[in-house]
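Assemble the complex: chain A is given as a structure, and chain B must be docked to it using the hints.
Each protein sequence line maps, in turn, to chains A and B.
Numbering-wise, the first sequence is residues -5 to 611 according to our numbering.
Numbering-wise, the second sequence is residues -5 to 611 according to our numbering.
Simulated from the structure, these hints should not be mistaken for laboratory data.
Some hints here could point you the wrong way.
One copy or any two copies: either way a pair holds, since identical chains are not told apart in the list.
[Stated by the list, open to error] 25 Å max Cα-Cα, derived DMTMM-like pairs, lysine to aspartate or glutamate:
no. : residue 1 : residue 2
1   : K384      : D204
2   : K510      : D587
3   : K48       : E207
4   : K80       : D324
5   : K556      : E605
6   : K384      : E136
7   : K323      : E99
8   : K158      : E69
9   : K225      : E167
10  : K323      : E167
11  : K335      : E218
12  : K183      : E145
13  : K479      : E18
14  : K556      : D397
15  : K326      : E167
16  : K323      : E605
17  : K479      : D44
18  : K479      : E207
19  : K326      : D430
20  : K225      : D44
21  : K326      : D32
22  : K182      : E145
23  : K80       : E69
24  : K48       : D385
25  : K36       : D563
Protein chains: 2
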Amino acid sequence: MSNAQAAQNRYVADLREIRFLLFEQFQLDEVLGQPPFDNWGKDEVSMVIDEAYKFACEVLGPLNAIGDREGCRFEDGKVITPTGFKEAWGRLTEAGWNALVVPTEHGGQGAPFTLFAVMQELMSGANTAFFMYPGLALGVVEVIEKYATHEQHARFLPPLIEGKWAGTMCLTEAQAGSDVGAARTTAKKLPDGRYAIQGTKIFISGGDQDITENILHLVLARVEGAPPGTKGLSLFIVPKLTVGEGGTSGGSNDVLVGSIEHKMGILGSSTCVLNFGENGGCIGELVGGTENVGMSQMFAMMNGARIAVGLQSVAVASSAYLSALAYTKDRKQGAPIDRWKDATAPRVSIIEHPDVRRMLIDMKARVEGVRCLIVKLTRHLDAVRSLAGKDDEAVAYHQGQVDLLVPLVKSYGSDQSFRVCETAMQTYGGAGYTRDYPVEQCARDAKIFSIYEGTNHIQAMDLVGRKLMQNGGGNAQAFLGDVAKFVEANAAHPALADAVGELGQAQEALAGTAMKLLGWFQSGRMALVPLVANRFLQMMSETAVGWLLLDGARIALDAQAKLPAGHKDIAFYEGKKQAALYFARNILPGVRDTANILAREDNSPMDIPSEAFASLD
Amino acid sequence: MSNAQAAQNRYVADLREIRFLLFEQFQLDEVLGQPPFDNWGKDEVSMVIDEAYKFACEVLGPLNAIGDREGCRFEDGKVITPTGFKEAWGRLTEAGWNALVVPTEHGGQGAPFTLFAVMQELMSGANTAFFMYPGLALGVVEVIEKYATHEQHARFLPPLIEGKWAGTMCLTEAQAGSDVGAARTTAKKLPDGRYAIQGTKIFISGGDQDITENILHLVLARVEGAPPGTKGLSLFIVPKLTVGEGGTSGGSNDVLVGSIEHKMGILGSSTCVLNFGENGGCIGELVGGTENVGMSQMFAMMNGARIAVGLQSVAVASSAYLSALAYTKDRKQGAPIDRWKDATAPRVSIIEHPDVRRMLIDMKARVEGVRCLIVKLTRHLDAVRSLAGKDDEAVAYHQGQVDLLVPLVKSYGSDQSFRVCETAMQTYGGAGYTRDYPVEQCARDAKIFSIYEGTNHIQAMDLVGRKLMQNGGGNAQAFLGDVAKFVEANAAHPALADAVGELGQAQEALAGTAMKLLGWFQSGRMALVPLVANRFLQMMSETAVGWLLLDGARIALDAQAKLPAGHKDIAFYEGKKQAALYFARNILPGVRDTANILAREDNSPMDIPSEAFASLD
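Chain A on its own, in the form it takes in the complex (with noise of 0.2 Å):
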């Protein structure tokens, strides 16, 4: 490999755009240096950041790709995760990034959702198969934080965040996968008021490793004489060794890998099936101590795994476009356009030819598009946190777009990191399909993020099933209103109103669909909700995404305006517009269209019968 290939190959984040997101659009100063931020203020963010990257680099980055050969392995019924995985987490929890996000009242940092995003972003970027098991250890700290009872929360999260342990959750059984209510794992009330859990989950990222002394399993299991489906579910802190006085781990608690799974991509990351009490003898204590809302405790860790698998999309997408962008100011071949014809002529960048560019600008703004909406969400949530009990109704305000972006973020985010990661192969050419570069892996990693933490269709079905109509439809509503507020404001913009007027038709025609599906609903035309929800996502988050890539633009331009010439933030924020510009141009548009598709309420689908889809003997 030569050097500028080694360079290629180093893990590079955008810093400028993130500072831009948090203090330039989302304000992100208007939380801090107060409650529950008091100890936070711009400079600490700031400086967070630059740490979590130089981690992210240094020690995360070289071992992504060594993850990806070595991969896991499963002997002697354990399983051994790549070379330095170990040393990693150490160095990661010792640094404190594990204490980052949890309140200081449970020994943490309490910073903002927001900065705790970009750290997972930032670490996810450099090496997502790694980050997996520490992104799952503080979804269980979530949970039990929030559910658990006090004396939970003291032998529990101490090792937790101190890295002693590692988390996992445990949802998915062989025929309950999408159909989380199906699960047949039993949990069996002893006398001293724990649970005998018997039954099998698969796909448990992280179920085994060699990594950390024990591992808490958060295992949803239905109680005997629970009702069916999801409401007789229970959630259970079950730990893979027993754990004695003073957080001590004992022997076996009867917690089995069966197996591993032989993945496409994040194979660092370990995916186990894993049998509890196959002997009789695992042990699990209720979380909180409450029966059957095993569920909605469980959504806690969900949102935040949702919210993650986003930032993993992010992640994967911006390394694999900026790696992209390097690759094509390095590599040289072809003519400039205006001599193609010209044998002689000097050969040049391929970034200098229109279709790189194309794919270049494409690329850049879905990327910053996605991790608008991200931002956006986050900040919504810290707002949430910052205005708890000052401000009830902008509490509810905020609290209604977080749960409106959830669904956004996970699918738009992981079908947009898909594409783009496609897109960055085809920059690269030959060289994009060899492993002498990053860009494939990122292909094969990004892949599960449309899949796992709910796939893709549940979460347009949350959104159109659930969220549109949650508020009596109000946080919908909130949300056409300030796309609405934006496109009213800036219809005469100088620079960006022909876009703000493909932002407007959007608007109306999201609303319009919006409007359909609700009659679906009302006349039982149930099948056509299903058969939409996916392009309606879609259709919302592109709304979203453009509105907000032109908030950006218009805040970029008022900045640009006040710089003197030769400054290095003129380019940035030129990119700024003309990104914004293009999704406007070339993406938005589709919003309508999409909107005109679904009008003709296509049910082919249905009508197709299920023999007539190919004729095998």
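Here is chain B on its own, set in the frame of chain A:
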């Protein structure tokens, strides 16, 4: 792996659909039983299809996952192919598959190209990586047959057709990928009329293997003093081992394997760096004896290779689709839609769920649409051969359509193939991401199709920069005219009228965009052409596919009306209709919508300064 899983991992193709295309829609019968296809009747064609399918299922399919897991190894300067490949080659050539399409005067069976295409699809669908070895050998046969001298025919064709030797095409160099004309490999004329070859070629598929006794490389090189660019390239026959009297293979011809690539997919196909003449001992001979015509000679092979990529594309997409279809019938999960809130409802096969059906019909329409496009192309090719010397005007028409369709088949076919593989994985959920099922390999294999044999942008430029203008624009006019005729004839079709209306609008939008392209050329707004080229190619492809699917639906409905109740083809024909309606309602409108987007003449990819793509230190 369960039995059900094993069954789903078997190669399967839809022969009923293939027979429909050949005999009901594209009337292959019209060219059978007469020169040059005297020996071929409908029965012979049909029997060969059955035999090819049997061979694909029994010999090649079982080696597909093995080839992927083992990959090719590079040891002691030699390539070792996966277990079973050598034996499969033996059985393939022994059964005469290498001779199928070779004209009878050269010892072949002289089959119609359409049948050859079906055979290629079936073999590639069962094992894409393996079939690249014979596929390339057949490409070499085609070039030698067309351009070499009689004396070269006699020496080189028999061992290639018999399968004693394989072949490769050596175009790409490190600095000359899409920019073929930048090739630096040199050829120095020797006193005996042969040439000393020197240079390094990369990305050579089948560049080395342990399957055949010798390999015939077709190498593009520049004779000393030849002009720069593609006009100075000549094509050489360069055997791996010297060829002695009677075709015996002798010692090394100084063609050394530098390394092999580690790729995302098609791992059973070796991809080599070849060093020619590193020790000054590599001797080649000119194809046909004329210098500086190498590029046009190579184009004969490249056209075939591009059609072959289209065939690989539909082959892998079809495999992925039919695997997913089998899985959705087998896999039970979730309640039926009319009882979705009822946790006690019996679980159904996931094919019952609307979004799964949407994915299935989407895959079906794309797979069958691309296959239509290819069969249309090969049918034109057979018409050219059938009418040669009899009807010059008809030959010109058919050849014009071939030229026009080649970039569509390669580029649209490969893009759709990857899209279908992605959808197939999504249909499986988490299982699709694992190696227990074949679809993740399909996706990894398929990704190369948009890159090699000329990237899809190169194809798009071939379309808008050359093919559209060919014959004074006559070929494109004939295509648009054919679509218009269909629209006019079927505007009042009882079942398809609305869909035909969509096609009419697509055709008009396509014609309008072609005029705009011409305008940009003429007014010197050159950058707009490559910026829109890929999307224009997609518009044209989708117009063509929409037309062909609707034409198929029309034929299917006529046939269906004549069937007695209960006939098994009723469902088959219904499937044709529904897939066509799905395409017309959901995808065809995108042609007009894209035309509107392109009419905006967005120049943002050129307006953005290169340094504004990202702010990196």
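Each hint tested on the structure:
no.	hint	in the structure
1	K384 x D204	neither (46 Å within a copy, 76 Å between copies)
2	K510 x D587	both (15 Å within a copy, 21 Å between copies)
3	K48 x E207	neither (27 Å within a copy, 54 Å between copies)
4	K80 x D324	neither (35 Å within a copy, 40 Å between copies)
5	K556 x E605	between (66 Å within a copy, 20 Å between copies)
6	K384 x E136	within (23 Å within a copy, 79 Å between copies)
7	K323 x E99	neither (49 Å within a copy, 52 Å between copies)
8	K158 x E69	within (23 Å within a copy, 45 Å between copies)
9	K225 x E167	within (17 Å within a copy, 63 Å between copies)
10	K323 x E167	between (47 Å within a copy, 19 Å between copies)
11	K335 x E218	between (77 Å within a copy, 22 Å between copies)
12	K183 x E145	within (20 Å within a copy, 88 Å between copies)
13	K479 x E18	within (19 Å within a copy, 57 Å between copies)
14	K556 x D397	neither (37 Å within a copy, 55 Å between copies)
15	K326 x E167	between (51 Å within a copy, 13 Å between copies)
16	K323 x E605	between (52 Å within a copy, 10 Å between copies)
17	K479 x D44	neither (35 Å within a copy, 64 Å between copies)
18	K479 x E207	neither (54 Å within a copy, 73 Å between copies)
19	K326 x D430	within (18 Å within a copy, 41 Å between copies)
20	K225 x D44	neither (45 Å within a copy, 54 Å between copies)
21	K326 x D32	neither (52 Å within a copy, 52 Å between copies)
22	K182 x E145	within (22 Å within a copy, 85 Å between copies)
23	K80 x E69	within (17 Å within a copy, 34 Å between copies)
24	K48 x D385	neither (38 Å within a copy, 72 Å between copies)
25	K36 x D563	within (20 Å within a copy, 70 Å between copies)
Checked against the numbered hints given earlier, the structure breaks hints 1, 3, 4, 7, 14, 17, 18, 20, 21 and 24 and satisfies all the rest.
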